[in-house]
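Based on these hints, arrange chain B on the given structure of chain A.
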Amino acid sequence: MSAPGPLPATVEERDALAERVSAAVLAVPGVAGPHGGRYNDIATFRAGGRLVGVRIGEGAEPVEVGVVLRLDRPIPDVVADVRDAASRLCGGAAVDITVGDVVGDAVDDLLGHPAGDAPGSGGAATGADPGRMVR
Amino acid sequence: MTESTPRSSAASTTTTTTSTVRTPTTTVSSPARLADETAQGKTTIAASVVQKIAGIAAREISGVHSMGGGVSRAFGALRERIPGGGAGATNIAGVQVEVGEKQAAIDLDIVVEYGASIVELARAVRRNVITAVERMTGLEVIEVNIAVNDIHLPELEAAEDIPVPVTSRVE
Numbered sequence: 045m046s047a048p049g050p051l052p053a054t055v056e057e058r059d060a061l062a063e064r065v066s067a068a069v070l071a072v073p074g075v076a077g078p079h080g081g082r083y084n085d086i087a088t089f090r091a092g093g094r095l096v097g098v099r100i101g102e103g104a105e106p107v108e109v110g111v112v113l114r115l116d117r118p119i120p121d122v123v124a125d126v127r128d129a130a131s132r133l134c135g136g137a138a139v140d141i142t143v144g145d146v147v148g149d150a151v152d153d154l155l156g157h158p159a160g161d162a163p164g165s166g167g168a169a170t171g172a173d174p175g176r177m178v179r
Numbered sequence: 191m192t193e194s195t196p197r198s199s200a201a202s203t204t205t206t207t208t209s210t211v212r213t214p215t216t217t218v219s220s221p222a223r224l225a226d227e228t229a230q231g232k233t234t235i236a237a238s239v240v241q242k243i244a245g246i247a248a249r250e251i252s253g254v255h256s257m258g259g260g261v262s263r264a265f266g267a268l269r270e271r272i273p274g275g276g277a278g279a280t281n282i283a284g285v286q287v288e289v290g291e292k293q294a295a296i297d298l299d300i301v302v303e304y305g306a307s308i309v310e311l312a313r314a315v316r317r318n319v320i321t322a323v324e325r326m327t328g329l330e331v332i333e334v335n336i337a338v339n340d341i342h343l344p345e346l347e348a349a350e351d352i353p354v355p356v357t358s359r360v361e
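If you read the sequences in order, they're chains A and B.
Our numbering runs 44 ahead of the 1-based position in the first sequence.
Our numbering runs 190 ahead of the 1-based position in the second sequence.
So that you can see chain A by itself, here it is in the shape it has in the complex (with noise of 0.2 Å):
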C-alpha cells in the first residue's frame, strides 16, 4: 500500500487494470495490437494466461505499454492518444510507450508477403525478396 499513485496493490487489482488499459490502448485510432516489446518482457502474468502489452509497475515504476501501429497517423499522435487513453485509467501515473512495429498494406508490399504472416518470417521474406528483384 506504499504505491504513491493510484495503482493497485493486489495483484487481482493490477490484472484487471491491465485489461482495462489493454482494451482502451487497442481502441485508440492507429493502434493494431498489443507488442511485447524487445524483450517480450512488456506483458502481463495473469491466471488466465499472459496479457501482452500491458505491464502495471509496482510502486514507482510506470506503467508500460507496447504496440504496434497502423501508418496511416503520426506516430507521435497516436502515441499521445495511447498515453492519454493508459494514464487516465491509471490515475495519471507516467507511462513508457513502445512501438515495437508498424503494420499496413505498404508494409506488407515492402515485405512481399501477406498480411498474417509470422514476424520470423520476415527475415527469410527479405532474403527472397532482392534474388528476386535484383538480376
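Treat the hints as calculated values from the structure; they're not laboratory data.
These numbers come from a predicted model, not from an experiment.
Ideal Cβ positions, reconstructed from N, Cα and C, are used throughout, including at glycine.
Misleading hints may appear alongside valid ones.
[To be verified] Chain B regions said to be covered by chain A (calculated; three or more residues, Cβ under 8 Å):
1) 229-239
2) 242-256
3) 320-333
[Claimed, not checked] Going by beta-carbon spacing under 7 Å, a handful of chain A positions derived as facing chain B:
4) L70
5) A71
6) A104
7) P106
8) A138
9) D140
10) V151
[Claimed, not checked] Counterexamples of contact, computed for chain A against chain B with all Cβ distances above 12 Å:
11) V55
12) E57
13) R58
14) D59
15) A60
16) E63
17) S66
18) A67
19) A68
20) V72
21) F89
22) L95
23) E102
24) G103
25) G136
Frame of chain A; chain B shown alone:
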C-alpha cells in the same frame, strides 16, 4: 554486424549528405527513445519501425527499381540465422538505420531503373525518406546515405524472353 563499412562496391555510385560524423556501429534492432521523455513517460520507437517507413518512402519514388545490394543481402541472410537478430527487427533489404534518442541516420542500397537521372533520383529519394521518417516518427533525420548498387535495364529482361527477330538488311 558492421555492415556499413563494405557498403559500396567499386561499381557503385554513392551520393552522401555531408553531416555529422558518426560511429559505424549499426544498431539495427536497438530501440530508440523519443524526445518527449517527460514525467508522463518515455516513448520508444523500435529501429524496425524506422526501417520500414524509410523503405516504403524510398520505393515510392518512381525510378527506384528495388532495394538491396550484394553486401546487404548477404548480411541479411546471415542475420536471420542469429537468435534475436531477425525476430523483433525484421530486416528490410537495402535499409539500415541507426536510431538515437532524437535522431535517426539511414543508409539505403538501391537499384535504379535505367533512364532516370541518378542524381535527381537520389535527391528525390532522400527528400521523401526524410519527410516520411520525420513526419511519421518525430525523429530528426540527420543523414540519408544512398548507395546505387545496380541499374536495371528493361531491355535485358525482354531479350531473355523474346527471341529478337533478325531483320535482314538486304532483300
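Structure-based check of all given hints:
no.	hint	in the structure
1	229-239	holds (count 10)
2	242-256	holds (count 7)
3	320-333	holds (count 4)
4	L70	violated, 18 Å
5	A71	violated, 19 Å
6	A104	violated, 12 Å
7	P106	holds, 6 Å
8	A138	holds, 4 Å
9	D140	holds, 5 Å
10	V151	holds, 5 Å
11	V55	holds, 23 Å
12	E57	holds, 21 Å
13	R58	holds, 18 Å
14	D59	holds, 21 Å
15	A60	holds, 21 Å
16	E63	holds, 20 Å
17	S66	holds, 16 Å
18	A67	holds, 19 Å
19	A68	holds, 15 Å
20	V72	holds, 14 Å
21	F89	holds, 20 Å
22	L95	holds, 19 Å
23	E102	holds, 16 Å
24	G103	holds, 16 Å
25	G136	violated, 9 Å
In this structure, the earlier hints numbered 4, 5, 6, 25 are contradicted, and the remaining ones agree with it.
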